[in-house]
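2 protein chains.
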Amino acid sequence: MTLDRADFSGIACPIPTDGDRITLAHGAGAGASARLIDTLLRPHFANPALDAGHDGAVLEAAAGRIAFTTDTFVVSPLEFPGGDIGSLAVHGTVNDLAMCGARPLALSCALVLEEGLPLARLERIVASMAAAANHVGVPIVTGDTKVVERGKGDGIFVNTTGLGTVPAGFDLRPQRVAPGDLIVLSGSLAEHGVAVLSVRDGLGFECDVRSDSAPLHDLVAQMLGAVPEVHCLRDPTRGGLGAMLFEIAGHARGEITLEESALPVAPAVRAACELLGLDPLFLACEGRCVAFVPEAHAARLLGALRAHPMGRGAAIVGRVTQGPPRVAVRTRLGGRRLLALPAGEPLPRIC
Amino acid sequence: MTLDRADFSGIACPIPTDGDRITLAHGAGAGASARLIDTLLRPHFANPALDAGHDGAVLEAAAGRIAFTTDTFVVSPLEFPGGDIGSLAVHGTVNDLAMCGARPLALSCALVLEEGLPLARLERIVASMAAAANHVGVPIVTGDTKVVERGKGDGIFVNTTGLGTVPAGFDLRPQRVAPGDLIVLSGSLAEHGVAVLSVRDGLGFECDVRSDSAPLHDLVAQMLGAVPEVHCLRDPTRGGLGAMLFEIAGHARGEITLEESALPVAPAVRAACELLGLDPLFLACEGRCVAFVPEAHAARLLGALRAHPMGRGAAIVGRVTQGPPRVAVRTRLGGRRLLALPAGEPLPRIC
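Protein sequences appear in the order of chains A and B.
So for the first sequence, our numbering puts the first residue at 1; every next one is plus one.
So for the second sequence, our numbering puts the first residue at 352; every next one is plus one.
Since the hints were derived computationally from the structure, they do not count as laboratory data.
Owing to the predicted nature of the structure, the values given are computational and were not obtained by experimental measurement.
Be aware that a few hints might be false.
Said to hold, decoys possible - Covered, in the sense of this in silico footprint (three residues per stretch, anywhere, with C-beta under 8 Å from a C-beta of chain A), are these stretches of chain B:
# : stretch
1 : 494 to 505
2 : 645 to 655
What the hints assert, rightly or not - Derived contacts from chain A toward chain B, CB cut-off under 10 Å, selection only:
#  : residue
3  : 27
4  : 30
5  : 53
6  : 63
7  : 77
8  : 204
9  : 205
10 : 217
11 : 218
12 : 222
13 : 225
14 : 228
15 : 229
16 : 232
17 : 350
Don't be surprised by glycine CBs; every beta carbon is placed ideally from N, CA and C.
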């Protein structure tokens with residue numbers, strides 16, 4: 001693809017190009033910016049709200065609750081087994097909406113491109129993003145493109161912000177998590193984290209693990225349809241199940257205990273974690289969710305999960321009991337250890 | 352400020368720090384991330400939707416039209432006369448909502464921080480963002496924070512995405528711009544662009560120009576209240592009035608002619624533009640808007656603008672006539688020249 005002219009519907013202007021790479025001109029708001037948007041972005045994302053060409057999209061909404069969530073993705077490398085930054089951004093934001101109980105209504109897409117990024121790579125990522133959004137059935141209705149100088153960015157950063165509608169009857173909040181709740185996990189842990197690390201510069205290793213990156217909206221709709229009594233939903237992304245449980249423990253009114261023997265971890269993931277000296281409890285998933293649900297409803301919820309293709313590996317992995325706000329693990333040998341939250345490293349830029 | 356512990360409501364953990372600067376640990380999703388959010392971001396942005404601590408905000412909305420718009424800000428330098436990247440991000444997104452005729456309902460804020468960013472600088476920008484949002488009366492209800500390695504970002508990039516409600520009765524779209532419309536500009540041109548360039552590394556020059564960065568929602572409400580017949584509103588940001596008019600010409604059904612003698616440009620801006628060899632028509636404003644309105648309503652609209660503190664410098668600067676989709680300027684000497692769209696450079700990272 002060559003971006004050599006901007007036509008503005010018939011108004012031609014020449015554009016300085018750097019062959020088939022992003023240049024600063026693509027971010028300066030005039031001819032090259034328009035040409036990039038019109039030839040590379042709009043054709044993939046086309047929908048009536050976006051095509052209106054205004055400063056923002058205008059959508060019709062019924063009265064009710066709206067969920068609103070934002071994430072910027074800076075994953076490195078940009079492409080990894082099972083996905084790329086484009087599909088990951090769509091899944092991540094759709095999933096944050098789903099964790100609010102919301103059905104996705106619309107996404108925005110804001111790109112920060114580094115000078116020198118090959119246009120072919122950009123188009124591959126944009127096409128992946130569009131495919132992921134089409135699969136979910138959510139339109140990308142508004143966007144923004146900026147360019148920064150070589151060495152001031154890293155290929156591409158993607159912000160996706162999502163709007164969703166929350167059906168009446170659900171009240172999903174961490175503050176509702178309480179003693180008596182069981183913790184139900186939809187599938188195996190740590191596959192996204194291991195897949196990204198397996199192809200990271202300076203760390204790459206051979207393994208067959210693919211990212212679990214996937215949209216959870218349909219699984220969540222099925223779960224909440226079957227068991228509206230769910231107290232809270234979360235997806236264990238950056239920081240993994242472990243960090244997410246610490247955050248919930250801060251809001252909930254009880255102590256969380258995980259059953260080590262119940263935690264689903266694929267053998268290849270376990271092997272990679274042993275190789276790297278990492279705990280799968282603290283590695284990211286991008287297509288799993290965790291439900292906190294009163295014990296009386298847990299079996300029904302597990303059944304609803306297992307009846308969905310994305311929940312076949314679901315398991316009850318722990319419970320909330322009376323106690324201080326902390327997270328413990330009951331080991332395979334019947335012992336009990338308090339979980340410690342890692343200070344921060346070693347996993348930046350996993351999403 | 353020292354971010355040396357994360358407490359997660361009582362669960363303490365030590366965090367590796369780099370004195371008073373951003374480290375990769377601040378972006379890894381565990382203790383340091385939480386501490387950064389809880390001590391530096393939440394206190395500035397506090398509001399009930401944000402404080403709920405969920406993966407997204409849940410808002411109540413009445414039935415009707417919702418405007419949704421996104422922008423990532425990569426302005427360089429981060430602070431400039433009259434503003435900084437934080438206030439600019441709030442104003443830019445509030446203004447894109449206003450251009451849709453919308454009143455701001457909520458903003459999101461997603462930050463990409465570069466390792467090594469001084470925490471004091473981050474806090475100054477976050478405080479400025481919060482002050483700008485408070486001034487508008489719009490809450491920042493959901494957010495995200497990522498950290499990239501030194502040399503993979505540039506201090507801080509800010510994405511703000513906005514939600515607004517569009518009152519019934521307006522239909523603002525570039526497709527409605529038509530022959531017979533006059534072009535009404537709310538104030539003087541190019542002040543934001545000149546202010547940023549005046550402090551840019553390698554280009555800095557002495558001048559008294561401050562950015563015009565400001566929120567337009569109140570001015571727009573007054574304009575539309577007085578003259579609901581407005582066809583389209585735009586803010587001439589990146590690429591300036593010139594690039595914006597080319598974009599409108601692509602959608603409208605006519606030719607645009609500007610009156611050079613009517614264009615408001617401050618003497619200091621004109622002097623700076625002559626020094627730099629730049630045309631103020633193509634330099635960004637961040638607190639001005641342009642209305643396309645049928646001639647019969649233009650005088651009333653001008654009156655409404657001039658009655659508002661932010662519209663005192665308003666002027667009718669051109670008109671749309673039958674003709675091909677192009678932009679012309681009638682010069683002070685009575686001549687007529689077609690405007691040429693600059694190819695892209697020389698002004699990256701102006702917003």
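| request: Find the hints from earlier in the document that the structure breaks and name them by number, from lowest to highest. | output: Hints 2, 7, 8, 9, 10, 11, 12, 13, 14, 15 not satisfied by this model.
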